[in-house]
Amino acid sequence: MAEAGTASIAQDGARIVARGDWTLDHIDTLADLARTLKRRAGAGARVEAAGVARLDTAGASMLLDLVDGEEARVEALPAGARGLLAAVARAQAGPAAAPARPDRGFVAAVAQIGASLETFWHNTTALVGFIGLILASIARIALRPARWRVTSTFFHIEQTGFNALPIVALLCFLVGAVVAFLGATVLKEFGASVFTVELVGYSFLREFGVLLTAIMVAGRSGSAFTAQIGSMKAREEVDAIRTLGLQPVDVLVIPRVIALLVAMPILTLVGMLAGIVGGGAVCALALDISPTMFITRLHETTTVTHFWVGMSKAPIFAFLIAAIGCLEGFKVSGSAESVGTHTTSSVVQAIFVVILVDALAAIFFMEINL
Amino acid sequence: MNARAPQVGEPVIRIRGLRNQFGAQVVHDNLDLDVHRGEIIGVVGGSGSGKSVLLRSIIGLGRPAAGSVQLFGEEVTRLRDAERARLERRCGVLFQNGALFSSLTVAENIGVPLVEHHGLDKALVARLAALKVGLVGLPPEAGAKYPSQLSGGMVKRAALARSLALDPDILFLDEPTAGLDPIGAAAFDQLILTLRDSLGLTVFLITHDLDTLYTICDRVAVLAHKRILVADALDVVEQADDPWVRDYFQGPRGRAAHAAVARSRPALHDPAGT
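Protein chains in written order, with this note's numbering: chain X, 50 to 419; chain B, 1156 to 1429.
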C-alpha cells in the first residue's frame, strides 16, 4: 500500500501543501490531519495539491474540509482529479440532514406504553374482524361445492397434520414420561404410587394432549402460514389474486383453516395416546405397574368425559391458530424484515391465545362439573 | 500521476475461452471479452442469453466451467478468499432490483462496507454516506429513509451510492434503467456518464435500453450464440453481419433511438464531460 497522504503548512503561512494518497484507506489519518491543520492555518488558507498521488471521494471530502468546501482554493491539482473534486464539492453543497435523535425520557416511556396498548387493541379488533370474515366466507362457500379448494386443503392437511405426527408423538411421549416420573416420586411418600395412572390419564386427556399439540402446531404451522402468505403479500401476489377476480380469503385462508380443523383433532388424539404410552412405560420400568395393570386401572378410574373435554378444545385451538397465522401474513408490508417480524408475532400471539382460552375452558368445565 | 484519470487502453477485465453451463445447458462457450480502463461498455443480448451469468462470472459470484477471467491482471477463478475479497472491494455492483438491505436506512446501507472494511467511526461513516447520497443526486433527507419508502428511481440511485461506497475502480450495472420512466432513465444515464468522468470509473453495463447504448456507451458488446459476437463502437456493431444484430439495431426501436441520438448528438457528446 502506498504512503498515507500528508499535509503541512508552508513557510509563508497562507498555504497548505498536500502530498501522497488521499484515499479511503488512510481516512482516519487524513481526518485528524484536516482537523488540526484547519485550526492552525486560519481562514482563507489555500491548498497546494500538486503532490497528491491518488485521490478518491473520501479524500476529496477531507481536502475540501481544509478550504471550507470552496473548491477553487485547492490549487495545482492534477488534471484528472479536478472533476472528482468538483463533483464532491457539488455533492456536499447541500445542507447536511441532521440525524433524528430518539427521545429517551419519561414522556417517551409513557408514549411507548400507550402505543403498545393501542397496538394490542388494534390487533384484537383486527383478529375478531378477521374471524368474522372467515366464518362469513365459509358460510358463503359451504353451499357451493364448485368453489371448494379440495387439492389445496388436502395439501395443507398433509403439511400441517401428517408431517407433524412424529414430532407431536415424540414430544407427548417424553412429557408423559416426565409427568409419570414426577407424580410417582411425590405419590410414593404417601404410599399411593398407583395413582400415577390417574395422574397421567387425567392430565393428558384433559389438558396436556391438546395443549402440547396446539403449541407445536402454532410453532410449526401457524408460523408457516404467516411466512407463506406474507411473502406472497410482499411480492404483490395477493393483489394479483384480487385483480383476477378471486377473494384472497377464499383462496389462501379457507383451505388452511379447514386443513387445520381436520389435522388438529387427529394430532391431539395421537398426542394423548403417546403421552399415556410414555406414562405407562415409566410405570412399567420404574414403578412395577405392569402395562396390563396400567390399562385396567385406567379403564376403571378414568371416564370418557375427560377425553371429550380435551378433544372439544382441539378445533377451537386449530381455528384460532390458523386465523392468527393467516391474519399476520396479510399484515406483512413489502420488506423481508416485515415477514420475520410478523412470523414471530404470529407464534407469540397464537400460543398466548391458546393458553388463555385453555385457562378459561378449565374454569368453564369446572363450573359445569365435567 | 493521478491514477484515476481515464486512460483508455489497458484492459482491466480480460476474459478468454469462458465456458458456463448448468447441467447440460451451455450458456457460454469459448467467450472472449476485453474491457479497457475508463470506458463504458454496454453488453446486450436477448433474454436468457446469459448476460447476468457473465456478470456473475466476472465478479466471482458464479464459478465458470472453464476459461480464464482476469480482473486487474489477476485470475479470478484461482484466487484464495482473502485475495478475492480484496479484489471485490475494487468492484461496485448495482443489482437489477437494487438489492438494498430492507432493514437498514439508505445511509446505513451505504455505511455497511465502510464499517465492515475500514472500521470507521459513526460520524465519519455518516458524513461519507451523506457525500455518496449527494453524489448520486439524491436529496439529503433520502439518507434517513428505508428502501421501502423510496420510488423505483430513487432505489436505483441509492443502490448506486452503496456500490460507490468504497470508491471502486469498476462499476458493474445490471439493467440500471429497467423499470424507470424515460425522464428518470435519461437522468440516470447522464449520472453514470458524470460519475465515470469525475471518478474515473470503468463501467460494465448490461442493458436492454437502446437509448442508454446510444447515449453513453463507448463500446457495445453483443452476446449471442453463446459468445461475444462483436465488441466495438456502435457504428461498427450496427453493421455486423448477423441476423440477430440486424434485428436488434435495425428494428423500429433501434432506428428510433438512433434517430433521436443523431438529432441531439452535439449536446450529449460534450468533450469536457462534466
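Heads up, some of the hints might be wrong.
Straight-line C-alpha distance at most 30 angstroms; calculated DSBU-like pairs for lysine-lysine [stated by the list, open to error]:
hint: 1; chain 1: B; residue 1: Lys1381; chain 2: X; residue 2: Lys380
hint: 2; chain 1: X; residue 1: Lys87; chain 2: B; residue 2: Lys1277
hint: 3; chain 1: B; residue 1: Lys1300; chain 2: B; residue 2: Lys1277
Note that these hints are calculated values from the structure, not bench results.
Hint check, failures only
1
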